[in-house]
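Participant: Going down the list, the protein sequences come from chains L, Z and R. Just so we're aligned: 153 in the numbering used here is position 153 of the first sequence, and the numbers increase by one with no gaps anywhere. Just so we're aligned: 87 in the numbering used here is position 87 of the second sequence, and the numbers increase by one with no gaps anywhere. Just so we're aligned: 297 in the numbering used here is position 297 of the third sequence, and the numbers increase by one with no gaps anywhere.
A couple of the hints might just be wrong.
Which residues of chain Z face chain L? A partial, calculated answer using Cβ under 8 angstroms [as the list claims (entries may be wrong)]: (1) Gly139; (2) Leu143; (3) Val289.
Derived DEER-like restraints, expressed as beta-carbon distance ranges [said to hold, decoys possible]: (4) Thr231(L) to Arg132(R): 56 to 62 angstroms; (5) Val242(L) to Asp128(R): 44 to 50 angstroms; (6) Arg59(R) to Val36(Z): 38 to 44 angstroms; (7) Gly104(L) to Gly136(R): 52 to 58 angstroms; (8) Leu24(L) to Arg132(R): 46 to 52 angstroms; (9) Ile288(Z) to Glu133(R): 34 to 40 angstroms; (10) Pro212(Z) to Arg132(R): 35 to 41 angstroms; (11) Pro273(R) to Arg99(L): 49 to 55 angstroms; (12) Ile63(Z) to Leu24(L): 44 to 50 angstroms.
Calculated from the model, a selection of chain R residues having no Cβ within reach of chain L, i.e. all distances over 10 angstroms [claimed, not checked]: (13) Asp23; (14) Met102; (15) Arg169; (16) Thr232; (17) Gly337.
Just so you know, these hints were derived from the structure itself, not from any lab. We put the CB at the ideal spot given by N, CA and C, even for glycine.
Read off the chains here:
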Amino acid sequence: MSVDSRRNGRAALAFHTLFMIFLLAPLVVVILVAFTPEGYLSYPTHGFSLRWFREILARPDFIKAFYQSLNLGLVSATLATVLSIPAALALARFRFTGREFLNGLFLSPLMIPHIVLGVAFLRFFSQIGIGGTFASLVFAHVVIIMPYTLRLVLAAVMGLDRETERAAISLGASPWTGFRRITLPQILPGVAGGWMLAFITSFDELTMTVFVASPGNTTLPVKMYNYIEQTIDPLLASVSTVIIVLTVAFMLVLDRFYGLDRVLSGKG
Amino acid sequence: MSEMTLESRMAGRSRPSVRSRSLAWIPFWLTGPAAVFFLVLLGMPLLMTLVLSFYTFDYTAGISETLTLSNYTDVLFDGYFHEIFLRTYEISLITTLCCVVLGAPEAYIIYRMRRPWRSICLLITLGPLLISVVVRTLGWVLLIGGNGLLSQFMQALGLAGTRGFSLMYTQTGVVIAMVHVLVPFMVISVWASLRKVDLSTGDAALSLGAKPFTVLRRVIFPQVLPGVLSGSLIIFALTASYFATPSIIGGRRLKVVATSVYDEYLSTMNWPLGASISIVLLVLNVVIVMSYSRWVERRFRRTLGEG
Amino acid sequence: MSFLTLESLTKHYGDTAAVKGLDLSIEQGEFVSLLGPSGCGKTTTLQMIAGFVTPTAGRLVMDGRDMTDLAPNARGFGIVFQSYALFPHMTISENVGFGLEMRKIAAHERTRRIRQVLELVRLDHLNDRYPRELSGGQRQRVALARALVIEPPLLLLDEPLSNLDAKLREDMQLELRNIQRNVGTTTLMVTHDQGEALSMSDRVVVMDQGCVKQIAEPFRAYEEPADIFVSTFVGKTNLLDGRMASNDAGLPCFEMGRQRFELAGIGMMEDGPVRVSIRPERVEMTPWQQGLVDGRVKTRQFAGDHWLYQIETSVGLLLANCPNCGPAGFDIGDEVGVRWTPDSVRLLRESPTPAAGGMS
Ligand SMILES: Nc1ncnc2c1ncn2[C@@H]1O[C@H](COP(=O)(O)OP(=O)(O)O)[C@@H](O)[C@H]1O
Ligand SMILES: [Mg+2]
Numbered sequence: 001m002s003v004d005s006r007r008n009g010r011a012a013l014a015f016h017t018l019f020m021i022f023l024l025a026p027l028v029v030v031i032l033v034a035f036t037p038e039g040y041l042s043y044p045t046h047g048f049s050l051r052w053f054r055e056i057l058a059r060p061d062f063i064k065a066f067y068q069s070l071n072l073g074l075v076s077a078t079l080a081t082v083l084s085i086p087a088a089l090a091l092a093r094f095r096f097t098g099r100e101f102l103n104g105l106f107l108s109p110l111m112i113p114h115i116v117l118g119v120a121f122l123r124f125f126s127q128i129g130i131g132g133t134f135a136s137l138v139f140a141h142v143v144i145i146m147p148y149t150l151r152l153v154l155a156a157v158m159g160l161d162r163e164t165e166r167a168a169i170s171l172g173a174s175p176w177t178g179f180r181r182i183t184l185p186q187i188l189p190g191v192a193g194g195w196m197l198a199f200i201t202s203f204d205e206l207t208m209t210v211f212v213a214s215p216g217n218t219t220l221p222v223k224m225y226n227y228i229e230q231t232i233d234p235l236l237a238s239v240s241t242v243i244i245v246l247t248v249a250f251m252l253v254l255d256r257f258y259g260l261d262r263v264l265s266g267k268g
Numbered sequence: 001m002s003e004m005t006l007e008s009r010m011a012g013r014s015r016p017s018v019r020s021r022s023l024a025w026i027p028f029w030l031t032g033p034a035a036v037f038f039l040v041l042l043g044m045p046l047l048m049t050l051v052l053s054f055y056t057f058d059y060t061a062g063i064s065e066t067l068t069l070s071n072y073t074d075v076l077f078d079g080y081f082h083e084i085f086l087r088t089y090e091i092s093l094i095t096t097l098c099c100v101v102l103g104a105p106e107a108y109i110i111y112r113m114r115r116p117w118r119s120i121c122l123l124i125t126l127g128p129l130l131i132s133v134v135v136r137t138l139g140w141v142l143l144i145g146g147n148g149l150l151s152q153f154m155q156a157l158g159l160a161g162t163r164g165f166s167l168m169y170t171q172t173g174v175v176i177a178m179v180h181v182l183v184p185f186m187v188i189s190v191w192a193s194l195r196k197v198d199l200s201t202g203d204a205a206l207s208l209g210a211k212p213f214t215v216l217r218r219v220i221f222p223q224v225l226p227g228v229l230s231g232s233l234i235i236f237a238l239t240a241s242y243f244a245t246p247s248i249i250g251g252r253r254l255k256v257v258a259t260s261v262y263d264e265y266l267s268t269m270n271w272p273l274g275a276s277i278s279i280v281l282l283v284l285n286v287v288i289v290m291s292y293s294r295w296v297e298r299r300f301r302r303t304l305g306e307g
Numbered sequence: 001m002s003f004l005t006l007e008s009l010t011k012h013y014g015d016t017a018a019v020k021g022l023d024l025s026i027e028q029g030e031f032v033s034l035l036g037p038s039g040c041g042k043t044t045t046l047q048m049i050a051g052f053v054t055p056t057a058g059r060l061v062m063d064g065r066d067m068t069d070l071a072p073n074a075r076g077f078g079i080v081f082q083s084y085a086l087f088p089h090m091t092i093s094e095n096v097g098f099g100l101e102m103r104k105i106a107a108h109e110r111t112r113r114i115r116q117v118l119e120l121v122r123l124d125h126l127n128d129r130y131p132r133e134l135s136g137g138q139r140q141r142v143a144l145a146r147a148l149v150i151e152p153p154l155l156l157l158d159e160p161l162s163n164l165d166a167k168l169r170e171d172m173q174l175e176l177r178n179i180q181r182n183v184g185t186t187t188l189m190v191t192h193d194q195g196e197a198l199s200m201s202d203r204v205v206v207m208d209q210g211c212v213k214q215i216a217e218p219f220r221a222y223e224e225p226a227d228i229f230v231s232t233f234v235g236k237t238n239l240l241d242g243r244m245a246s247n248d249a250g251l252p253c254f255e256m257g258r259q260r261f262e263l264a265g266i267g268m269m270e271d272g273p274v275r276v277s278i279r280p281e282r283v284e285m286t287p288w289q290q291g292l293v294d295g296r297v298k299t300r301q302f303a304g305d306h307w308l309y310q311i312e313t314s315v316g317l318l319l320a321n322c323p324n325c326g327p328a329g330f331d332i333g334d335e336v337g338v339r340w341t342p343d344s345v346r347l348l349r350e351s352p353t354p355a356a357g358g359m360s
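Can you make the complete structure from the sequences, with help from the hints?
Facilitator: This is how it looks when you write it as structure tokens:
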């Protein structure tokens, strides 16, 4: 009885199947179209072709945008993590004046629409004269991804047995040694999970980046968006397919390593 | 918070020893870099945008620093903007409802699955969150566009004429794609709630004579309601300010708030007006989020508070 | 001059006082327990000694040196935490070697001392395991080894055995005390388990609500409880309320209703209400009308080596603990007599002044 009551019924499984089709259909369609031999958008009804993947190699602008996105993700995720670790330690372990304010401040980008951040950064960076530079992209991305790293590092620190660090200190370790040898290794999964989530968020970001990027410094999503504004051809589908494959690989690593549901619900 | 010893060293009542005085500065050193970063790189831009929204714009002279309220009177009292705001929130509301109807049951179904399937299905559901929105929206363009799969399907059924059938530039199209983009948030939110639910409460209800559907309605659903509500909030707030999907699928014909901000900034170049639209959007968003979460918190503090 | 002295050590958390003016001196090599109910301030006291909590007032002096403001990593005390706080990402050897590493002890010397201390706790065969691969009792011993290997002048134990199951706990009590005797480290242990405190310590410090109630050898704390709190917290007891009176011979006695009971070893006192305590094992059961009072068995509980009876008598419900010497004892409903010797009756003071007596 108890086991059966926890099984899904036939209707539930039908619902589930439709839901899965709904989720996967657009991705599958993109992948299919990427293999079309035709010069226009169509499904590969007369055999598969790799011509649109070869076409990517002939587009240095797309390749450059891809590397820009990669660099931007690496640099800004790392910077956000480095800023998050000490902040999370302070927020988790000390009660001090301004603690609530800082907590709210660091998480506020989650509540501010990216479009608003985009226009705000556009104005700010052009006023201080660094508009369109790689540095300005990094700054803007750190602001929007730090809530993710902070939440995961914070969850890791809160879930930590504080006494291990005290044990280290009682054995003669300095606070810094205690942190480096005892605390950091234990919160490392949370730190890495936060870094990865931050990286992928930065890599995918479009809305805000559209305003901050410049023709010289553009990211892959912005490049694709601008391309879509002009025309939609199978090149977009092949680029998208590459992105899907890379993201799925990344996701499997993240899930294996930390648990996708834990990362995405921001709990430790 | 179980560890409060360091904090209480700082409570001010402790003896003024050198050690506790230097300890009192530790949290400020630790949060300092991030705080400065945020105050400069988040505070300043928002403040400058607020100021910008009061500047005057002229098509020939550009932006001048004469202060005016006319941008706000335009946004708040012009029927054109009313339509855009109403459409935006209508799309948000419908998208949120669809996400509840699809996402909450799906989370429960996945939760009841057996071992390998459970994590596989969860992965398939949550995975798209990591895939670029541009890619996912492109998929919908290919599906619902002029000669997309949907159109061919309808033609085959004889439901569409030879000119094909397209949901591009329609509200329905935008909602479908938005639901696809955001429904994982509902699943993850309900999932997080489900992990705290003791499924044997369902068995307890069955043993007391409740029918399976009654168990779902009276025992399980109330326990995951906080997850549904917080998921709804995330989805509603995100949809209300979403840019990529409405822009690609809705285009210029079906403007929402975010796309109109984009157009003011990058086509019309009327930055002050764009700034005031963004400020209104931001304020509405914050007000909605705040009052909703306060309501939820008051409603559930006693029974299902974080424990 | 004592080895370790706590002088009116006090800790306030906001408005609540966790520890109120605790005075204690400990001799070199002594094993002292802090005993008290949960929340009475034992951990706070230990943390103040360890340096993790800064006292609101008071001093900590060791070997004539004021340590109140010393950083915790400079104190060199060995600490065994309640959760053990083993480093999950390090092997047993690495855990134990951590303190030696911090002291910059050369590798070969380190290896030797790790092996030695692991032999002491009988874990030398598990040195390559990780903490999660050990049982509760083994983890406990690793924690002890890690604290002892640095040869600390003082060993602090916070509820070291409370995470173990009953059987293992008894074994570890013996083992822990044996190791401590062998090594000779001065030890302060925190526990809420009176049996543990009584069986392991040279002296017990009984605490309640941040105050010391009694400092005494275990036997004395049990036999001569300083007040009502100590008498009920340390062991089970029967509390009787009555009056002081004098009998026909003019000697002090305890009066309850129409009945008078002799007392022993008590000087003359004013007449007035008093409370006395009689330990259950001092209450002897006799046939009907052959004891001091008569009663009826209300409940009985069998505990292997003894029976515990609740007897309804004219002086109230009495607990009697009778050794099990073979035949089944009395049955529920049996009419019995109850008696005790005059020297089993302890007069209790109401005042919470800690007993000065009993100091070694
Ligand atoms: N960090 C703290 N902040 C506030 N109050 C505390 C803190 N630590 C302990 N207390 C309070 O001090 C009292 C004593 O606590 P503790 O020393 O942990 O007791 P014990 O170890 O005897 O159970 C308790 O009432 C507890 O609530
Ligand atoms: Mg304690």
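Participant: Now, for every hint given, state plainly whether the structure supports it.
Facilitator: Each hint tested on the structure:
no.: 1; hint: Gly139; in the structure: holds (2 angstroms)
no.: 2; hint: Leu143; in the structure: holds (5 angstroms)
no.: 3; hint: Val289; in the structure: holds (6 angstroms)
no.: 4; hint: Thr231(L) to Arg132(R): 56 to 62 angstroms; in the structure: holds (58 angstroms)
no.: 5; hint: Val242(L) to Asp128(R): 44 to 50 angstroms; in the structure: holds (45 angstroms)
no.: 6; hint: Arg59(R) to Val36(Z): 38 to 44 angstroms; in the structure: holds (41 angstroms)
no.: 7; hint: Gly104(L) to Gly136(R): 52 to 58 angstroms; in the structure: violated (42 angstroms)
no.: 8; hint: Leu24(L) to Arg132(R): 46 to 52 angstroms; in the structure: violated (39 angstroms)
no.: 9; hint: Ile288(Z) to Glu133(R): 34 to 40 angstroms; in the structure: violated (51 angstroms)
no.: 10; hint: Pro212(Z) to Arg132(R): 35 to 41 angstroms; in the structure: holds (40 angstroms)
no.: 11; hint: Pro273(R) to Arg99(L): 49 to 55 angstroms; in the structure: holds (54 angstroms)
no.: 12; hint: Ile63(Z) to Leu24(L): 44 to 50 angstroms; in the structure: holds (47 angstroms)
no.: 13; hint: Asp23; in the structure: holds (24 angstroms)
no.: 14; hint: Met102; in the structure: violated (4 angstroms)
no.: 15; hint: Arg169; in the structure: holds (20 angstroms)
no.: 16; hint: Thr232; in the structure: holds (32 angstroms)
no.: 17; hint: Gly337; in the structure: holds (55 angstroms)
Hints 7, 8, 9 and 14, counting from the list given before, are not met by this structure.
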